[in-house]
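**Student:** Heads up: the sequence lines are chains A and B, in that order. The first sequence begins at 188 in my numbering and counts up by one. The second sequence begins at 425 in my numbering and counts up by one.
Honestly, the hints are just simulated from the structure, not real lab data. Glycine residues also receive a C-beta, built at the ideal position from the N, C-alpha and C atoms. Incorrect hints may have been included.
[Claimed, not checked] Quick look at which bits of chain A chain B covers, simulated, 3 or more residues with Cβ under 8 Å:
id, region
1, 222-231
2, 238-246
3, 447-459
4, 543-554
5, 747-753
[Claimed, not checked] Here are a few chain A residues that face chain B, going by a calculated C-beta distance under 8 Å:
id, residue
6, S490
7, T566
8, G643
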Amino acid sequence: MSVAFSELRQKADSEWQTLTAGDRPWVRVGLGASGAAAGAEEIYAALTEALGSEATVSFVGSMGLCYAEPIVDVQMPGGARVFYANLGADEAVEIVGGHIKSGRANADRVFAWHGDEQPEGLDAATRLYDLPTMRPQTRLATRLCGDIDPSDMSQYIANGGYQALDHALEDMDPAAVLDEVKNSGLRGRGGAAFPTGVKWGFLAPNPAPVKYVLCNAEEGDPGAFNDKGILESCPHTLLEGLILAGYATNSSNGFIFIRQGHALPIESSRKAVQDAYAAGLLGQNILGSEFSYDVEVALTGDSYVAGEETALMEAIEGKRAMPRYRPPFPAAVGLWGKPSNINNVKTLAYAPAIIRDGAEAFKQVGNESTSGTAILCITGAVNRPGMYEVAMGSLTVRQAVEEIAGGIRDGKKMKLYQAGGPLFGPIGEEGFDSPIDFDSIAKTTGSLGSGGLIIGDEDVCAVDLTRNLMSFNQFESCGKCFPCRLGMTHMVETLERISQNDGREDDLALMERMGSSMRMGSLCGHGQLGYNPVASALKYFEADFRSHIDDKKCPTGACGDGRMLTPTHTRP
Amino acid sequence: MSDGTPPAGDELPSGDDLRTRSRTALRSQQQPTVTVLSSLLAVQDELHYIPDEAIEETATHVKATINDVWSVASFYTNFRFTPPGEHTIDVCWGPSCHLNGAQDVIERVHAELGVDGEGETADGKLTLRYSTCLGACALAPVIAVDHHMKGRMSPDSAAAVVVELKGA
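Throw the hints in and build the complete structure from the sequences for me.
**Tutor:** Take a look at the structure:
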């Protein structure tokens, strides 16, 4: 351990000791996007006012148990954490206040507990990691999400944070870090699943003095919130990964690229970068080593295509987020013409675990096809929507929906799932038994993508969902390639017509022809994959289309009797 | 959509005032990398829209042409060129929200606001925007009031939010 790091560690450990076993209880309020949407900010304000100096009240990130938000937990000094879920602001004050005053948990309202010793009176309560939503998880990248205050770097360090970086800088040369990542079998989690070590290997040997590692946190896929989840709950995991990537590839600068408007992940990343500089974990001679590295948070405006790696570089340069021609590839000519690598948040967030515990330990998790975990965002018609990190291949889609997400709401039947972002379509019953890993899902018409799983029940019409996805794709076409720009527009018009029972027999063939022009004539995946949602919907749910075209009626009534309400904006 | 005429009854800031505030916003950027896009984002943060004066000031600040700045400003869909209402309501129409009843929520919000799409209410006080994803998909359907998210919405609870805003 370097001298510099051991000092940070000592200070962090003593602060953690005071928080968890000092003279005051510690109350943690879960605040991620879902916590905020469920009212966590109001709860925090109410608790801070009501408890005053009786307890330390902190925001922590989200554990991913969104169905139970808002979640608050109380830890009496040296004791276990006792969780309360689905709280309103008034009852939070009553329940948490009562717990703190009496020192006894409110057994009727306890959601779960976590610690070494079962708190008194909670014989019937569930251990946190025995919850059906926690037991199947293997938390590597989200290990500390919901446990620590994301704005307090010391809490990350006290829980094993930056150990991997210190170890790398003290005991490993860049090539050894690169080898470790190569050997771990880590594949990119943005959706393309390209081997990360190979990608870093393209950049590492380039002798240029200025080289960039760009972290893509744009996350425009509707239904996916795991990148933002990591950033708002444990930004230092990403930052440590980004620094390790910089070291392994001999790079000089890193960027974290986020869409404007997502206040929590932006604030939390900025604070993390600022604190890391102050502690000597960024800047010149990191932790006293020879390695120097700068990181900056760059914001983008609203544009889905800005998440495409070459468009992302255009956006950081301040231009319209339109894709570039390749070659040259970014590892040769990237941001401002300098060699660059682009990695997803989740990909980088695994790096600390790989370096700290070794490539072999990482490979023990997951299956032969993909090592490590999938961070799922399960949403739609399920009982327990949330963010769950499971070992790759450890569950099928059906098992994830039934066992983790608690099945379909109101006892209904699952009709479809949609994964991989809006450029992939709905998948039916035949695909429910795919193990959740990149290669298994890719054998269907789908993609695991970045981990969003949107579940539809029997009331969903595939035509309706497809027109929703295609409206998104049309709205978000950057306009550079006309087959994408015009193809998307015509495709949405055609789907609107079909959904309003005005479809024609040749509409299906027409969309297929447009799709093939888009595939051949578009520069990036947005246009190339543009026909995917329709192709997938037709493969599994042709009957829904036939009902609209032949029988002139929606099979479920979901399509309604009007145009879908979506923006009409086009990019000039 | 707004036709660009300013809302009635409100004092609009003068051109000089907009210029000064744009400059302050442009100069207040803390990050090392300052670009056309970062500058426009900084201005919109301060003024909540991009007036013509800000386009000119941005061009001067980053040494770009007015055309360059317009090209970027017109690309990203978050930029707007007329003043928004006092409060902005975002309604999400992404697929997670869609499957959980977002269209009914949006229709009800339309009815409460007396609008039939994005834009300002007749009195110019409230702005409605459609969002592709607000990031709290597990609490769908989601809306946001001045960036504060509210999840698990129903048409009735969304209507209540709008009614409260109208009274505010």
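**Student:** Please go over all the hints and tell whether each is borne out by the structure.
**Tutor:** Against the structure, the hints come out as follows:
no.: 1; hint: 222-231; verdict: holds (count 4)
no.: 2; hint: 238-246; verdict: violated (count 0)
no.: 3; hint: 447-459; verdict: holds (count 4)
no.: 4; hint: 543-554; verdict: violated (count 0)
no.: 5; hint: 747-753; verdict: holds (count 4)
no.: 6; hint: S490; verdict: 5 Å, holds
no.: 7; hint: T566; verdict: 4 Å, holds
no.: 8; hint: G643; verdict: 5 Å, holds
Consistency with the previously given hints fails for numbers 2 and 4, ordered from lowest to highest.
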